[in-house]
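Residue numbers (this note's numbering), protein chains in the order written: chain F, 1 to 113; chain U, 1 to 113.
A hint or two may mislead.
List time: in silico DSSO-like cross-link candidates among lysine-lysine, alpha-carbon distance up to 27 Å [to be verified]: (1) F:K68 <-> U:K9; (2) U:K98 <-> F:K69; (3) F:K49 <-> F:K110; (4) U:K98 <-> F:K49; (5) F:K49 <-> U:K57; (6) F:K49 <-> F:K100; (7) F:K110 <-> F:K58; (8) F:K58 <-> U:K9; (9) F:K100 <-> U:K9.
Some chain F residues judged to face chain U by a derived CB distance under 8 Å, without partners named [said to hold, decoys possible]: (10) Y32; (11) Y39; (12) Q42; (13) G43; (14) Q45; (15) L46; (16) K49; (17) T51; (18) F90; (19) S94; (20) Y99; (21) K100; (22) I102; (23) F103; (24) T105; (25) G106.
Here are the computed distance ranges between Cβ atoms for each label pair [what the hints assert, rightly or not]: (26) U:T111 <-> F:T55: 39 to 45 Å; (27) U:T111 <-> F:L7: 39 to 45 Å; (28) F:A113 <-> U:E53: 46 to 52 Å.
Treat the hints as calculated values from the structure; they're not laboratory data. We treat Cβ as the ideally placed atom computed from N, Cα and C, and that holds for glycine.
Here is what each chain is made of, one letter per residue.
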Amino acid sequence: AQSVTQLGSHVSVSEGALVLLRCNYSSSVPPYLFWYVQYPNQGLQLLLKYTTGATLVKGINGFEAEFKKSETSFHLTKPSAHMSDAAEYFCAVSDSGTYKYIFGTGTRLKVLA
Amino acid sequence: DSGVTQTPKHLITATGQRVTLRCSPRSGDLSVYWYQQSLDQGLQFLIQYYNGEERAKGNILERFSAQQFPDLHSELNLSSLELGDSALYFCASSQSGKADTQYFGPGTRLTVL
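Chain U on its own, in the form it takes in the complex (with noise of 0.2 Å):
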């Protein structure tokens, strides 16, 4: 068990929904990471934040959003859903971000019909 829950587990909707994952991070960890794993593209980085902040930003589309909360749980928001956004999407977190060690949650897995 990393630390890092994530919810919900399993996610089924249909294409144009939006839906909200959530992630709680380890306790006294600052910056929280999402990626997606799907098996064309592999794990791709999509963003990071760091104590409420966004740091940095890899291959995030304009429909997806996400924010981190004072509380430090963070959102990912997928709109406008497409069948090819059916994923797992994972989120980490680690004490600054720095270079740190990222401890993964289990994953949400999201699909699309």
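Chain F on its own, in the form it takes in the complex (with noise of 0.2 Å):
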């Protein structure tokens, strides 16, 4: 069965300091990959994805993120945070078996001026 952990529910940074929001996976096949993020009071929009080839992803707004295979990571990154960046974030698998879409429970990042 796939599962999503997204380790801690709210993140606080600096402005101009790296922005590291964690994401874990569990998949019994090859998975895909996604973030997105939501900003207040409105519906979720897609960061990145990765379905097969490189495992370096980027996406919008300067996100990126990094398939581990080994690690079962895809942990989504931004060198330098933005006060814009401030929202919900959320990191779902799925797979091309079950077409399910598992999302983690998000991370709620804050950008501290």
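The task is to assemble the complex, starting from two chains supplied on their own in separate frames and drawing on the hints.
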């Protein structure tokens, strides 16, 4: 069965500092992995996704994530945080067998001035 | 604007009642997903339809049902409502439903009194 674990329900960083949001997954088949962002009072929006190929995935707004099979991780990073990055971030896993999407519990990112 | 529309935006009803939430996918998308987001349960995948047929089922209660119509819009029916059903209900759509990017609507906020 698939599952997703996001470590840290709340993360605070200073403006300009590195953003690191952690995601670990469990899947019995090669996974498809996603990061979505949810701004207040809005629906979710895709940041980036990994399906196959290059393990370092670049997304929108300067975010990137690296698929590490040996660590079953798909952590999200951004070199320099902006105030506008304050939002909730969700990691998700899917596979071609079940078509189900499993979302993590979310990490709320706070950016301090 | 994701191109996915959901109506109504807000719904307030009483316990024991039945409501219908409506979703229109992006033009050209064949797959529709329904999610429930609440503070205690997080973002829960309910059900997915592809071109009118049910493709995947998540944590959807028996009191809930959904369908996708020939014009590809979808409805989520919630019956015998309980206080715990109060949540944000999101619809998302994608082209094929297989590791696709999902485009989320703005959500319907359901309050059960």
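Quick rundown of the hints versus the structure:
no.	hint	in the structure
1	F:K68 <-> U:K9	violated, 40 Å
2	U:K98 <-> F:K69	holds, 21 Å
3	F:K49 <-> F:K110	holds, 23 Å
4	U:K98 <-> F:K49	holds, 13 Å
5	F:K49 <-> U:K57	holds, 22 Å
6	F:K49 <-> F:K100	holds, 15 Å
7	F:K110 <-> F:K58	holds, 22 Å
8	F:K58 <-> U:K9	violated, 33 Å
9	F:K100 <-> U:K9	holds, 26 Å
10	Y32	holds, 4 Å
11	Y39	violated, 11 Å
12	Q42	holds, 7 Å
13	G43	holds, 3 Å
14	Q45	holds, 7 Å
15	L46	holds, 5 Å
16	K49	holds, 7 Å
17	T51	holds, 5 Å
18	F90	holds, 6 Å
19	S94	holds, 6 Å
20	Y99	holds, 4 Å
21	K100	holds, 5 Å
22	I102	holds, 7 Å
23	F103	holds, 4 Å
24	T105	holds, 5 Å
25	G106	holds, 6 Å
26	U:T111 <-> F:T55: 39 to 45 Å	holds, 43 Å
27	U:T111 <-> F:L7: 39 to 45 Å	violated, 32 Å
28	F:A113 <-> U:E53: 46 to 52 Å	holds, 50 Å
Hint violations for this structure: numbers 1, 8, 11 and 27, all remaining hints satisfied.
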